[in-house]
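Mapping of the sequence shown onto our numbering: position 44 corresponds to residue 44, and the numbering continues sequentially without gaps.
If you're looking for bench data, these hints aren't it; they were derived computationally from the structure.
Small disclaimer: the values here were computed from a predicted structure and weren't measured.
Wrong hints could be hidden among the right ones.
Simulated restraints on C-beta separations [as the list claims (entries may be wrong)]:
#: 1; residue 1: A43; residue 2: D106; range: 11 to 21 Å
#: 2; residue 1: R15; residue 2: F41; range: 19 to 29 Å
#: 3; residue 1: A12; residue 2: F41; range: 18 to 28 Å
#: 4; residue 1: R79; residue 2: D106; range: 31 to 41 Å
All C-beta atoms, glycine included, are put in the ideal place defined by N, C-alpha and C.
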Amino acid sequence: MNFIQPTEQELATLRADPLIFEQELDVRPELAASLERAVGFRAGRAYWRGEQGHLYGLDLGDFGRGRPSMAIIYGFWPRYEPRPIDDAAIDRDLRAFLLWMAEACDGLDPADLQWTLERSPPSGRD
Numbered sequence: 001m002n003f004i005q006p007t008e009q010e011l012a013t014l015r016a017d018p019l020i021f022e023q024e025l026d027v028r029p030e031l032a033a034s035l036e037r038a039v040g041f042r043a044g045r046a047y048w049r050g051e052q053g054h055l056y057g058l059d060l061g062d063f064g065r066g067r068p069s070m071a072i073i074y075g076f077w078p079r080y081e082p083r084p085i086d087d088a089a090i091d092r093d094l095r096a097f098l099l100w101m102a103e104a105c106d107g108l109d110p111a112d113l114q115w116t117l118e119r120s121p122p123s124g125r126d
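Required output: the full structure, derived from the provided sequences and hints.
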């Protein structure tokens with residue numbers, strides 16, 4: 001994963017849209033600790049861009065247990081616009097992040113995640 005730091009000017013034009021929320025990350029201490037090592041912090045935000053240029057952010061929160069306790073992945077879209085229509089691109093970007101996380105974190109099996117993703121129904125608009 002190639003984490004970046006967007007400019008304050010760019011962030012000022014975007015709104016955060018929560019896409020994935022995990023509120024009990026610390027029930028798997030080995031996973032939480034290895035995610036902390038992979039991103040380099042216990043609490044804060046890391047940004048990255050997807051293949052179509054969409055900006056995403058991972059927030060980690062430490063609720064006093066000595067490791068990340070919760071995680072939220074946000075998509076950042078133009079402030080007054082709806083979520084981009086291309087759900088497939090967002091799905092691909094999230095899939096890439098999840099596969100990276102499975103590789104980077106102890107306690108996750110990338111093959112299990114790949115198997116699950118292959119069987120997950122695609123999102124899309126009717």
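message: The hint says 19 to 29 Å between R15 and F41; measuring C-beta to C-beta, is that right?
response: The hinted range 19 to 29 Å holds for R15 and F41, with Cβ atoms some 23 Å apart.
field: Satisfaction of the hinted span 18 to 28 Å by the C-beta atoms belonging to A12 and F41
entry: holds (23 Å)
- prompt: CB of R79 to CB of D106, is that within 31 to 41 Å?
  reply: Once the Cβ atoms are compared, 38 Å apart, the range 31 to 41 Å for D106 and R79 holds.
- prompt: Falls inside 11 to 21 Å, the C-beta gap from A43 to D106?
  reply: holds (19 Å)
Figure legend: structure checked against the earlier numbered hints; every hint is met.
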